[in-house]
Structures are given as C-alpha cells and as structure tokens.
Amino acid sequence: MIDSYLREFDRWVVADPERKAEYHAELEAHLREAEKAGDLLQVLERLGDPREAARSFGPTTRLVPAPIRRRLVAAAIDHAPFLVVSIGLAVLSILDGPPIRFAVPAMIRIDDTMDLGDTLLVVGALAWSIIGIGLIETRSGRTPGKALLGLQTVSADGTAIGPGQGICRRVPLSLGPLVFVDLLFVGANERRQRLFDLLTHTVVVLDPGRSGQSPPVPDPSADRSTRPWR
Amino acid sequence: MEDAIRRELARGTIELVLLALLASGSRYGYQIISELNNLTESTPEIKEGTLYPVLHRLEDAGHVVSSWEAHDRTPPRKYYQLTTVGRARLSALRAEWDRLTKGIRKVLDLEGAET
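If you read the protein sequences in the order shown, they are chains A and B. Position in the first sequence (from 1) plus 1 gives the number in the working numbering. Position in the second sequence (from 1) plus 8 gives the number in the working numbering.
Be careful, since some hints might not be right.
To be verified - Cross-link-like lysine to aspartate or glutamate pairs, in silico, EDC-like; alpha carbons within 16 Å at most:
1. B/55 / A/40
2. B/55 / A/46
3. B/86 / A/29
4. B/55 / A/50
Unchecked claim - Far from chain B, some chain A residues (derived; all Cβ distances over 12 Å):
5. 2
6. 26
7. 32
8. 45
9. 47
10. 48
11. 77
12. 78
13. 91
14. 95
15. 99
16. 132
17. 133
18. 137
19. 169
20. 176
Said to hold, decoys possible - Only some residues are given here: those of chain B computed to face chain A with a beta carbon under 10 Å:
21. 39
22. 47
23. 56
24. 76
25. 83
26. 105
Treat the hints as calculated values from the structure; they're not laboratory data. All values derive from a computational prediction rather than experimental measurement. Where is the CB? At the ideal position from N, CA and C, for every residue including glycine.
Just chain A, with the same shape it has in the complex (with noise of 0.2 Å):
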C-alpha cells in the first residue's frame, strides 16, 4: 500500500529532482512509522489521495510563469507539422487565386473547399498537435518544444497535470484563427494563462528542475486551492 501510494505520489509532484527525492524519502518515511505504530490508514486519510498529498505536503518550490517569447518558441517546435501544413494549405490557395480556402492556422471544415487529401494532412497535423503532443505532456509536463526551452506546464495548485488537461488545453488548435481568441488571454492575467489554460486549470511555468530556483515556501495558513506565483 505505502508503496504504491508512495508511486502515485511522485507521479503528482511538480519540484526539481533533489527536492522530490527528498519529499519521497519524508513521506516514506512518515508512513513507515504509521505503520509500525499501527495508524496508516489514519494517516493516509489525513493526508488524502496521492494527488492531494502532493498538493499539501509536497511541492514548495515557488512557480514563476513562462516568459511569453519562450512560450511561443516552444509552441513553434511542438506545432511544426500543424504549422507547414497550415502555411502551406494557404500558400497554395492563394497561389490559385480567389477564393482563399484556408486560413492560417488552418481549420477543419465540413464543406466542398477541402478534397480528401487536404483534409487529410490537416487532421494528421491537428491529431499531432493536440492528442499527440497532449500526452506527450501529460507524461512530464513537458513537450520537446518545452524540454528544449526550459518550461513545463503544470496545474495550477500545483501538482502535475493529468491528461484530460494535457489535451484539453489544447482544443483551440482545432479552431481555425480563433485560436488568437485564446491566446489574447495571456496579456489579462499574471499567470500569462491563455483561455484554455484557465479552463483547464493549468500554467505553464520555468522548469523548477533546470532553473535553478531557491524556493521559498509558501504560507500554508494562505488558500490552498490557488498556488502562490512568483
């Protein structure tokens, strides 16, 4: 039981690898003591699902939101295919002259203006971008564009995000040019969340684990439900 509480629990914990070693190694050893006095089950009810014990007990890095510029260049390495296909799809539309058939970033559409092959391309390229990379995300918070520039995207209490999120916040890929729509969010909060990132409770954030942070922890008397940003 503690071991697999234990695996759980690291899988939830957003901190850079020193510092989850050292919560897995408390909490291992918090709940080898339980045990022995005969309380676990006590202490893992005060403690709750591996996720909430991450959200408590864990993680106290403090989370600072990504710089904008690195975001975009991140997007751009994880977005490529949806994006050659896109600017290519439009390239070659108005090469053919009116009308304009596709937009960047290219869209879907459930209408004569797309042949098989064109509505092909795009739904490998939009399967990529959204589930593809999604879980790619999903697994480390991290997608190569992200690996690369040092980012990570996380939930916004704190933890890990889990798939549904990881695929979610990235539905306004499928829209066509309203994804601009989504992305004018980043410049209205101080988390740079786009829509979807609020929707899906989720930020992205400097790598605790590449960017050398000294961490202060937060007040734990303070809401909970919301981490404190940086």
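Please build the complex by placing chain B on the supplied structure of chain A, with the hints as guidance.
For chain B alone, coordinates are given in the frame of chain A:
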C-alpha cells in the same frame, strides 16, 4: 461547528506551536504530529498536509535545520532542530502571542461585563 472554530483559530498559530515544540528538542515529522495530536483535546488535529509545508518553510527561512539520523536499528528519520535564528523567531512570536491574547481577553472581559 466546534471543529471549524478550532481550525480557524489554530490556522495562524501552527508556526508558534511547532517552534515551541522543537525548542524542547529535535523531533521528526511523525513524532511531532503524534505529540501535538495527543497533547490535549482542545488542540485541533494537525494534518501532515499542514505540518510539512510549514516545516519546509521554516527550514528554508533558516529557523530550523534537518538531518537524517538512524538510532539503534530504526530506519533513518528526518529530524528537525531549532536554530539560533529560530529561537529568536520563537521569542518574537511568543511576545506577540502574549500581547494579542492579553488584548483579546480585555475585550472579551468588557463584553462579559456588559452582559
């Protein structure tokens, strides 16, 4: 209702309680929770989710230091110990606590006198 009141009143005092406990000797996390929860009925139950963030914060602020120690044949435990800076912090919190409770008592006595 009583639990909710106790929790609310205890929310701002956990740091004072922890520092005061550690002033009498180093302790590890499970030991701290067991002692505090067995202290009296009038103290609200301390949860791990409250204790460890405070301990880590106190450590980052230099008020406590931690070390892993194994005694006899027990597995290693992470002990927390008060530092000199922590003792000064405890004195300051104690003085503030005394001042606050004295002031509140005066107001409560006023209210009692009126009724």
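Next item on the list: Starting from the hint list further up, note which numbers the structure goes against and sort them upward.
Entry: Of the numbered hints, 6, 7, 8, 9, 10, 22 and 26 do not hold.
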